[in-house]
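*Asks:* Chains as they are written, first to last, in numbering that gives the first Met the number 0: chain A, 0 to 232; chain B, 0 to 232.
What the hints contain is simulated information worked out from the structure, not anything from laboratory work. Just so you know, not all the hints are guaranteed correct.
[Said to hold, decoys possible] Part of the chain B face toward chain A, derived, beta carbon under 7 Å:
id : residue
1  : Phe36
2  : Leu37
3  : Pro47
4  : Leu49
5  : Ala60
6  : Phe63
[Unchecked claim] To give an idea of the chain B side of the interface with chain A (calculated C-beta under 8 Å), a few residues:
id : residue
7  : Ala40
8  : Ala41
9  : Asp44
No residue lacks a Cβ here, since even glycine has one placed at the ideal position from N, Cα and C.
There are 2 protein chains.
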Amino acid sequence: MDAATPDQTPPTEDGAGYRAAVVDLLGVLAYGELTGFLRMAADADAAPTLPDKAALGGLAAAEFHHYELLVARLQEMGADPEAAMDPFIAAIDEFHARTRPNGWLEGLVKAYVGDGIATDFYREVSAYVDPSTAALVHSVLENGGQAEFAVQAVRASIERDERIAGRLALWGRRLVGEAISQAQRVAVERDALSSLLVGGHDHGGADLAELGRMFARLTDAHTRRMGRLGLNA
Amino acid sequence: MDAATPDQTPPTEDGAGYRAAVVDLLGVLAYGELTGFLRMAADADAAPTLPDKAALGGLAAAEFHHYELLVARLQEMGADPEAAMDPFIAAIDEFHARTRPNGWLEGLVKAYVGDGIATDFYREVSAYVDPSTAALVHSVLENGGQAEFAVQAVRASIERDERIAGRLALWGRRLVGEAISQAQRVAVERDALSSLLVGGHDHGGADLAELGRMFARLTDAHTRRMGRLGLNA
Chain A
0 MDAATPDQTP PTEDGAGYRA AVVDLLGVLA YGELTGFLRM AADADAAPTL
50 PDKAALGGLA AAEFHHYELL VARLQEMGAD PEAAMDPFIA AIDEFHARTR
100 PNGWLEGLVK AYVGDGIATD FYREVSAYVD PSTAALVHSV LENGGQAEFA
150 VQAVRASIER DERIAGRLAL WGRRLVGEAI SQAQRVAVER DALSSLLVGG
200 HDHGGADLAE LGRMFARLTD AHTRRMGRLG LNA
Chain B
0 MDAATPDQTP PTEDGAGYRA AVVDLLGVLA YGELTGFLRM AADADAAPTL
50 PDKAALGGLA AAEFHHYELL VARLQEMGAD PEAAMDPFIA AIDEFHARTR
100 PNGWLEGLVK AYVGDGIATD FYREVSAYVD PSTAALVHSV LENGGQAEFA
150 VQAVRASIER DERIAGRLAL WGRRLVGEAI SQAQRVAVER DALSSLLVGG
200 HDHGGADLAE LGRMFARLTD AHTRRMGRLG LNA
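For reference, chain A alone in the conformation it holds in the complex (with noise of 0.2 Å):
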């Protein structure tokens, strides 16, 4: 990355900071949406049935339609979509090669697990932008059924083998792990979004103790999600 271009520049009190934010968090969303697409169509082609590959593309067409709205809302605001997306490209691809799921099950737990930690995330994130990009991003991180589908096959696939929870286990932590791995990355290059978080501009920003309250709150929804799937987190 290019600590010249105009998105990194460290966010300032006037409306320059801001739109970079903005056009950041919109980038990574865009980008995470693409890939997640690209993945959930992989997971279709690999389910064992018919309806399993009708049900996950229909998710992953529902995740293409959310990249292609918040290309739209890039273009409206002027900023080059490929661009918005470029500097996210590297802490995304790396985070999904050191996390190829081994076979159906896998996948769909990194379905489930990944997007839960994500759409969590990117919700508290919307708490510090205006209601209109808040707006976007809640309608973007609309889950169209696809947590109730892994949920479902997970359960059913330990009640038929008991051993397969350990290893699903494990490999949830491997998840969180490298998910908050690549954000470290992201948020350390990243100036104009992390301050969307922390504060340093207009739309202010969470103190320290908001920060670790927010962490709590992730984790527990985590521990949750795999409680719901029969595994522990």
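Dock chain B against the given chain A, drawing on the hints supplied.
*Replies:* For chain B alone, coordinates are given in the frame of chain A:
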């Protein structure tokens, strides 16, 4: 396949044979669109650049939407979409298994040439169905710009390295051979569908001379498509 299932009853002059033929037509189209979506999403994943990924992703999402339209029509007709697709899974899966693209360019040629032949064939068949079914068939065969995308990418590659043209021309011939071989298998196994073309129920059909002209049209169109890619058919 089980010769006792209702969809395989040979069509008669009454409406039941015709209905079975339409269910077959919509079923084979639906499974074709679903697998087309999965293949196109895999091509998007393999695409070398972000704009290519996004463009192919959009075409994949459009194919999934076509699949949904066909499933909705089958449900309107009181047919079970899964049962309607089931007789065609083996032939379509085998076509794809025998024509796995080796790299991005072969994937583009397969999408362009394969979809082109399929589209021409289904348009010919739609001449023998009722106007409402024909309109649906035409709408799901709409090509969202994928053809232009493939033509430009393949021609650009050949300009960079002329030797590619020989390999891709061979690949195009293999695709046609496998498509014909699987289509013959379907024609033998699915009397209702074949009867749409050769007559046998109240919506008429083509005579042998007309079938010959149809195959000539399909072959000519294929040769023109290969030419547009810069390849010998």
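*Asks:* Against each hint, give a clear statement of whether it holds in the structure.
*Replies:* We went through each hint and held it up to the structure:
no., hint, in the structure
1, Phe36, "holds (6 Å)"
2, Leu37, "holds (5 Å)"
3, Pro47, "violated (13 Å)"
4, Leu49, "holds (6 Å)"
5, Ala60, "holds (4 Å)"
6, Phe63, "holds (4 Å)"
7, Ala40, "holds (3 Å)"
8, Ala41, "holds (7 Å)"
9, Asp44, "holds (5 Å)"
Checked against the numbered hints listed earlier, the structure breaks hint 3 alone; every other hint is satisfied.
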